[in-house]
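Enquirer: What follows is the residue order along each chain.
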Amino acid sequence: GNSVTQMEGPVTLSEEAFLTINCTYTATGYPSLFWYVQYPGEGLQLLLKATKADDKGSNKGFEATYRKETTSFHLEKGSVQVSDSAVYFCALISGGSQGNLIFGKGTKLSVKP
Amino acid sequence: SQTIHQWPATLVQPVGSPLSLECTVEGTSNPNLYWYRQAAGRGLQLLFYSIGIGQISSEVPQNLSASRPQDRQFILSSKKLLLSDSGFYLCAWSVRVSGEQFFGPGTRLTVL
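As they're listed, the protein sequences go chains A and B. Residue numbering for the first sequence follows the numbering used here, beginning at 166 and increasing consecutively. Residue numbering for the second sequence follows the numbering used here, beginning at 37 and increasing consecutively.
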């Protein structure tokens with residue numbers, strides 16, 4: 166079945182550090198891949214997406230590249246800020262599904278000043 | 037622009053009491069609608085989804101139910117809450133079945 170695996174957190178970084186959150190997936194067909202972010206006490210917001218192999222999604226300084234050969238969609242940011250502290254979810258929609266998002270378990274990021 | 041509302045924002049209910057959570061979407065027609073639950077340390081779990089009025093699909097067996105009485109209204113209900121129903125409930129919508137989903141602010145439910 167379809168699944169998403171994220172690196173376990175929490176991840177604690179100092180401001181301006183480089184961020185990588187690993188995400189790998191298992192899916193039939195050619196899924197679309199997403200990163201969502203959840204700030205404390207809030208719902209989820211779409212951060213970025215990629216719909217086909219080698220696509221790079223980017224937003225707010227975050228990037229992730231759809232790597233079909235390694236079935237990965239790692240999230241990166243060159244210089245994190247305190248305001249980036251949140252929980253990050255990797256997710257996929259398989260083309261064969263009813264449009265159901267399959268989420269990873271989330272990775273909590275804390276950025277210290 | 038499209039917006040999605042959920043209420044109440046927080047709710048504390050005793051075991052065995054009924055539940056009704058409401059979600060409405062503005063600015064779009066015939067959206068696909070979803071209910072998720074986020075339990076502590078367990079990630080997000082899809083509970084129900086709907087592709088149209090009166091069309092509800094359940095992903096997991098439970099004592100919860102969902103209804104879609106109007107095009108842009110999605111309701112999550114229970115006749116008798118259990119302790120295990122505590123969690124953060126998120127409603128979402130999408131334009132296409134395979135497109136990205138947009139989430140509401142969530143309802144934090146505590147069952148005591």
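Mixed in with the good hints, there may be bad ones.
Taking CB as the label site, the calculated pair distances span [stated by the list, open to error]:
no., chain 1, residue 1, chain 2, residue 2, range
1, B, Arg144, A, Thr236, 43 to 51 Å
2, A, Thr235, B, Ala75, 24 to 32 Å
3, A, Leu178, B, Thr39, 16 to 24 Å
4, B, Gln49, A, Gly226, 16 to 24 Å
5, B, Gln81, A, Gln246, 46 to 54 Å
6, A, Asp219, B, Gly52, 33 to 41 Å
7, A, Gln210, B, Ile89, 43 to 51 Å
So these bits of chain A aren't anywhere near chain B, every CB distance computed over 10 Å [stated by the list, open to error]:
no., residue
8, Gly166
9, Glu180
10, Thr193
11, Glu207
12, Gln210
13, Lys214
14, Gly226
15, Ser237
16, Asp249
17, Ile258
Since the hints were made in silico from the structure, they are not lab data. Backbone N, C-alpha and C define an ideal beta-carbon position, used for all residues, glycine too.
Enquirer: All hints, please: hold or fail.
Expert: How the hints compare with the structure:
1. Checked against the hint of 43 to 51 Å, the C-beta distance between Arg144/B and Thr236/A comes to roughly 34 Å, which is inconsistent with it.
2. With their beta carbons about 31 Å apart, Thr235/A and Ala75/B fall inside the hinted range of 24 to 32 Å.
3. For the hinted restraint 16 to 24 Å between Leu178/A and Thr39/B, the CB-CB distance of approximately 33 Å leaves it violated.
4. Distance hint check for Gln49/B and Gly226/A: the Cβ-Cβ separation is about 41 Å, which falls outside the suggested range of 16 to 24 Å.
5. The supplied range of 46 to 54 Å is broken by Gln81/B and Gln246/A, whose beta-carbon atoms lie about 31 Å from each other.
6. For the hinted restraint 33 to 41 Å between Asp219/A and Gly52/B, the CB-CB distance of approximately 53 Å leaves it violated.
7. About 27 Å separates the C-beta atoms of Gln210/A and Ile89/B, a value inconsistent with the hinted range of 43 to 51 Å.
8. The Cβ of Gly166/A sits about 13 Å from the closest Cβ of chain B, beyond the 10 Å cut-off, so the non-interface label holds.
9. A cut-off of 10 Å between C-beta atoms confirms that Glu180/A is not in contact with chain B; the least separation is 27 Å.
10. With 10 Å as the threshold on Cβ separation, the claim that Thr193/A sits away from chain B holds: the shortest Cβ distance comes to roughly 13 Å.
11. With a minimum CB-CB distance of about 6 Å to chain B, Glu207/A fails to clear the 10 Å threshold, and the non-interface call is violated.
12. With 10 Å as the threshold on Cβ separation, the claim that Gln210/A sits away from chain B is violated: the shortest Cβ distance comes to roughly 7 Å.
13. With a least beta-carbon separation of about 6 Å from chain B, Lys214/A fails to lie farther than 10 Å from that chain, contradicting its non-interface assignment.
14. With a closest Cβ-Cβ approach of about 20 Å to chain B, Gly226/A is found to remain outside the 10 Å limit, as its non-interface label requires.
15. No Cβ of chain B approaches the Cβ of Ser237/A within 10 Å, the least distance being about 19 Å, so the stated non-interface status holds.
16. No beta-carbon of chain B comes within 10 Å of the beta-carbon of Asp249/A; the shortest separation is about 19 Å.
17. Residue-level check failed: Ile258/A sits 5 Å from the nearest beta carbon of chain B, not beyond 10 Å.
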